[in-house]
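Residue numbers (the working numbering), protein chains in the order written: chain C, 1 to 253; chain G, 254 to 491; chain H, 492 to 1154.
Worth flagging that the hints you see were computed from the coordinates, not collected in a lab.
Only a predicted model underlies this, so the values are computations on that prediction, with no experimental measurement involved.
For every residue, glycine included, the Cβ atom is placed at its ideal position computed from N, Cα and C.
Don't take each hint at face value.
[Said to hold, decoys possible] Just so you have them, the derived chain C footprint on chain G, three or more residues with Cβ under 8 Å: (1) 278 to 289; (2) 351 to 358; (3) 367 to 381; (4) 446 to 453.
In case you want the letters, here they are:
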Amino acid sequence: MNLTLRVWRQAGPDDSGGFVDYRVEGVTEDMSFLETLDLLNESLITSGDAHGPIAFDHDCREGICGQCGVMIDGVAHGPQPATTTCQLHMRHYRDGDVILVEPWRSAAFPVVRDLVVDRGAFDRIIASGGYISVATGSAPEANLTPVPRPQADESFTAAACIGCGACVAACPNGAAQLYTAAKLTHLNVLPQGQPERYERTIAMVEAMEAEGFGNCTNHAECEAVCPKEIPLGTIAKLNRDYIRASLRAPAKT
Amino acid sequence: MAVQAEPVAERRAAPFPISFYRTAVGKKVVMALTGIVGFGYVFAHMLGNLKIYLGETALNHYAEWLRTVGVPALPRGGFLWLGRAVLIGALILHVHAAWSLARISKAARPSGYAKQDYVAANYASRTMRWGGVIVLLFIIYHLLDLTGGQANPNFVRGEVYENVVASFERWPVAIFYIIANLALGLHLYHGLWSLFQTLGWSHTRFDPVRRKLAIAFALIVVAGNISFPLAVMTGAIG
Amino acid sequence: MTSTTEATSTDQSRYFDSRLESKAPTGPIEERWDQRRFQVKLVNPANKRRFHVIVVGSGLAGAAAAATLGELGYRVSNFCYQDSPRRAHSIAAQGGINAAKNYQNDGDSIFRLFYDTVKGGDFRARESNVYRLAQLSVNIIDQAVAQGVPFARDYAGLLDNRSFGGAQVSRTFYAAGQTGQQLLLGAYQALERQIAARTVEMYTRHEMLDLVLTDGEASGIVTRNLMTGEIESHSAHAVVLATGGYSNVFFLSTNAMGCNVTAIWRAHRRGALMANPCFTQIHPTCIPVHGENQSKLTLMSESLRNDGRIWVPKAAEDSRAPGDIPDEERDYFLERRYPAFGNLVPRDVASRAAKAICDEGRGVGPGGYGVFLDFRDTAGGATAIAEKYGNLFEMYSKITGEDPYSSPMRIYPAPHYTMGGLWVDYDLASTIPGLFVLGEANFSDHGANRLGASALMQGLADGYFVLPATISDWLAGKLGKQPVGTDAAEFRKAETLVRERTAQLLGNNGKRTVDSIHKELGRVMWDYCGMARSEEGLRKAIGEVQQLRRDFWSDVRVTGEGQHLNQELEKAGRVADFLEFAELMCTDAMVREESCGGHFRLEHQTTEGEARRDDENFAHVTAWEMAGAGPEAGADGAAPLELIERREPLVAEYVQPSQRSYK
Ligand SMILES: Cc1cc2nc3c(=O)[nH]c(=O)nc-3n(C[C@H](O)[C@H](O)[C@H](O)COP(=O)(O)OP(=O)(O)OC[C@H]3O[C@@H](n4cnc5c(N)ncnc54)[C@H](O)[C@@H]3O)c2cc1C
Ligand code: HEM
Ligand code: HEM
Ligand code: SF4
Ligand code: F3S
Ligand code: FES
Chain C
1 MNLTLRVWRQ AGPDDSGGFV DYRVEGVTED MSFLETLDLL NESLITSGDA HGPIAFDHDC
61 REGICGQCGV MIDGVAHGPQ PATTTCQLHM RHYRDGDVIL VEPWRSAAFP VVRDLVVDRG
121 AFDRIIASGG YISVATGSAP EANLTPVPRP QADESFTAAA CIGCGACVAA CPNGAAQLYT
181 AAKLTHLNVL PQGQPERYER TIAMVEAMEA EGFGNCTNHA ECEAVCPKEI PLGTIAKLNR
241 DYIRASLRAP AKT
Chain G
254 MAVQAEPVAE RRAAPFPISF YRTAVGKKVV MALTGIVGFG YVFAHMLGNL KIYLGETALN
314 HYAEWLRTVG VPALPRGGFL WLGRAVLIGA LILHVHAAWS LARISKAARP SGYAKQDYVA
374 ANYASRTMRW GGVIVLLFII YHLLDLTGGQ ANPNFVRGEV YENVVASFER WPVAIFYIIA
434 NLALGLHLYH GLWSLFQTLG WSHTRFDPVR RKLAIAFALI VVAGNISFPL AVMTGAIG
Chain H
492 MTSTTEATST DQSRYFDSRL ESKAPTGPIE ERWDQRRFQV KLVNPANKRR FHVIVVGSGL
552 AGAAAAATLG ELGYRVSNFC YQDSPRRAHS IAAQGGINAA KNYQNDGDSI FRLFYDTVKG
612 GDFRARESNV YRLAQLSVNI IDQAVAQGVP FARDYAGLLD NRSFGGAQVS RTFYAAGQTG
672 QQLLLGAYQA LERQIAARTV EMYTRHEMLD LVLTDGEASG IVTRNLMTGE IESHSAHAVV
732 LATGGYSNVF FLSTNAMGCN VTAIWRAHRR GALMANPCFT QIHPTCIPVH GENQSKLTLM
792 SESLRNDGRI WVPKAAEDSR APGDIPDEER DYFLERRYPA FGNLVPRDVA SRAAKAICDE
852 GRGVGPGGYG VFLDFRDTAG GATAIAEKYG NLFEMYSKIT GEDPYSSPMR IYPAPHYTMG
912 GLWVDYDLAS TIPGLFVLGE ANFSDHGANR LGASALMQGL ADGYFVLPAT ISDWLAGKLG
972 KQPVGTDAAE FRKAETLVRE RTAQLLGNNG KRTVDSIHKE LGRVMWDYCG MARSEEGLRK
1032 AIGEVQQLRR DFWSDVRVTG EGQHLNQELE KAGRVADFLE FAELMCTDAM VREESCGGHF
1092 RLEHQTTEGE ARRDDENFAH VTAWEMAGAG PEAGADGAAP LELIERREPL VAEYVQPSQR
1152 SYK
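Pulled out of the complex, with its shape left as it was, chain C reads as follows (with noise of 0.2 Å):
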């Protein structure tokens, strides 16, 4: 089939960007959309087009790294539910279709050129308290602490986030809501993560306020576009346990 893809370019964080239209010919229904972006990508190198190749984050190609993401036709990852953009494969798409591609927009992803975006601000907000304080060689036996099997289904359940930014860049509000709130599920419904659990909370709250993400008016926007399908459920858990550590932490530094 042949394609249109309306594509952003932007040459550098300062330039202003804007769409260009690529026609791109011979696509089949088994590639996926990155391998369709690859193609376009081949044809503008021999071209010699002015823009040159378009630049897109991906890496693992199998949903799981979390690297890639764009907005295709205004939503993030494509049309596919709790698919990946390196997941979404052209079978979706009829010869002759229109497809927009953007970089996700928020002011905490600032765009490095074209697609590709910063994400650094999720990694700041793991480094906030996103963990469990335990130095190598001092974990007890593994078998000693039993996790009920609805916990430790919980905690897979959020733990299974990619880190891609999807639901910030689909939420209307441009917040990190639900990747802080994976993050804090996992970590807080785990016995392990109790004793640092109040102080992780604050802590990676405010990290996630720090950075300049939009705050949560629960359009769940989120949950509906998350590849990994992390419930909204854990944004709920976040407030609860945010206003519960705030409640209990005193004003202390």
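Chain C is fixed; fit chains G and H with the ligands onto it per the hints.
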């Protein structure tokens, strides 16, 4: 930029309610709490106003009762002013939080998308801010109309029933009330669901009914409130 | 026919190299690690912060090492090419991680894990290292659980296990099909904690393009900041490479797009010996190739072989729907050929069996390169499958557009893991003093074939436990010495070389894209240095690789400039190194005149088509040296390589090599 240590430390320095309110999540919680106050008021207000259907005396008595309740422990009108203070405080906090959170969110996405197709966000959730503004304008007008009387040429202090009827007999005013209450309905529909999330009231068993509860309460309030101008316009009361 | 390389059997001394001394203690094997830890020089806690260590790579090995060194108090600089350390390719590991916990009480023990790993590796691994790995496996699970890694649990809340290929016990710990992700997040979180504590400085989107030596010792690296294009030098007391495997030499593999050989190849060009580069693993259960524009292959975890049964129709070109083919007309060829292990034979065996069937013309699916992996007979049906493998089934249907719940999956082998890598001793030190190599990037523990669920174990053992214990032996000698400054001549020179190479790539302005050359390289390697190799084929491949290298340097086109994010330039640099490395890989495959593990030489097979090992002549590690390695090495990318073969003899003390039989 990296996480700045300073604002966090500053926040910590302030006493609990203030430090809490300085965070966005804290503000949101305050919105939810003040929203509950507001909802509680409109719900009760609507129930009280239903006395219109019991006739002029019932309603006027009710209004009088509002002013004498608590006497002699409180001075006449004391309860009313207490209620008003809570309401005004809540409204100010609610609006302030809404305004500052809206600013944060605006700054979080300085340039928008050429196209955004919402998958889950609905009309109600996306109109909270404008809907809130409409409700605020309504409240101002409403106070001038039925409490102060400045916007109601036929206003007579104490004649609550007459005032209501006189007000709604002007059809543009009645239409405005209807529109404003529809806006309020949307605001409450999303707000009531939302506050469960905000306050962390989530439980796997209870979650599926949250949405239904929100719809039910929003509908009750809207239906009750809209019925008044409709009743006057159709001549059912007058 | 046995091996004809007579020189090898008679004159091992020709290949002797004093640098290839394993330095493993010689006492009883279970005490060696203790002994070694007691022997190493220590750095006292107060002095640790005086030492600066560069760790390249943030996968399981790199992140674990950087975090642990940071916890110990060393100053660490950590590099990765992705935008976050959490995205290293370890994230993609699906199936699980082995540990000799014996929670299932099914006869497992440290010795059994050791034995299985040595045997699985076809007796081409160093026993001392493997034993230590088995010992440390139990600590890894403890550490991960304490970090909050949400492993699968049973209804009592205790850790669950599954079985993996090459073992008859259940010792594999897992987190659905996302074990690598969960383990890496554990290490990543520990790393972020150290970043916050400022013991570790993180450099994301930085690619190491050269290793710098001062007086023969590793003193730093040169990197390109991928965001700005800046070429930067970093110096330290020691350099640790944990940069993963090189399966992308095949272009199509299960590795991430960015996985590369560049870091270890540059180190090799600077003098580090490269061991067993031809030992590559072709994984039996991957989604078959679908088309010309395909950019990568996707693994379907080996754990699927726990429940799935592999078969093809008995009759070639049976066009019935798989569900309509009755049992007696199906050939469950693994169960038929290997009754004892059945579908759970090691990867190399399973892959070759599938290839043989397809070469016979009995393969299924478009092109005939595929076999069925069938879950029809799984106990518990669709619900049980969904619980164990839900995410894999989903991934399969997204990629193929078929529903694996209703018809069997089609699978085919694909390049997946590389056992070869930089040579390291028991301390994980390479032949360049001050240069350490961890994880998939080193050659150490898996011999000629890695058992499933053992790479995660090795990466974490290396990173959490081995390197942090052994590196002090090197650092202690450096006490009081500042690292060489980055303004030293060696750094200037290395930077200049990197700049010149970048300029050459950008200025070439030829006609061919980097990918088109990479794809061609991949085809050559897959055809001649893949699952079946022959001397004739390998010779041909070497010629073609050399030609491709010339084509590359004369005709490649790399657009854009050096001063911005330029993904074509990144790819070009990586492919340039693959084009050199491929030649070494083929040469190594050629001199190893035996079949062992993943290395199958057509000349060396039994009449039944099984691999024929030659312990008399090839019980050694082949370690390659580059002649003329030095500061200017690699300036002319098209020049032929001059390779010198060295050997580390392997001694079987505890596990006597036997014909590996899974029948
Ligand atoms: C699909 C798949 C499934 C697997 N499943 C399993 C399994 O179930 N069980 C198991 O035990 N093993 C499994 N493996 C193997 C295992 O995942 C890997 O061998 C292991 O994770 C490698 O870890 P590592 O730390 O050595 O390297 P990696 O995780 O690959 O990390 C490499 C790091 O080096 C960095 N890097 C690379 N080159 C450069 C450079 N030039 N400059 C700067 N940085 C650089 C990268 O950014 C990255 O941070 C699987 C592998 C694949 C591909
Ligand atoms: C005066 C103007 C008002 C404005 C600008 C305003 C604005 C908002 C906004 C922006 C929200 C956040 C939406 C969300 O979090 O999902 C909100 C929530 C809410 N508002 Fe208002 N509002 C106003 C008046 C009112 C009034 C009068 C009531 C009561 C009748 C009310 C009840 C609520 C409730 C219950 C919530 C839910 C709180 C939550 O989400 O946690 N609001 N309002
Ligand atoms: C159509 C529906 C409504 C009717 C008929 C109505 C009627 C009235 C009347 C008659 C009064 C004066 C009572 C008195 O002075 O004793 C009043 C006061 C008031 N109403 Fe309403 N109202 C309606 C909807 C609302 C809504 C939706 C809100 C809020 C969002 C609201 C908020 C108020 C407030 C704040 C006062 C002032 C109370 C006070 O005296 O302090 N009303 N209303
Ligand atoms: S919560 Fe979902 S959308 Fe957000 S970063 Fe994680 S995986 Fe991506
Ligand atoms: S879409 Fe945004 S508003 Fe909250 S529920 Fe999700 S973060
Ligand atoms: S490229 Fe890794 S998730 Fe898409």
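Going down the list of hints, with the structure as the test:
no.: 1; hint: 278 to 289; result: holds (count 5)
no.: 2; hint: 351 to 358; result: holds (count 3)
no.: 3; hint: 367 to 381; result: holds (count 11)
no.: 4; hint: 446 to 453; result: holds (count 7)
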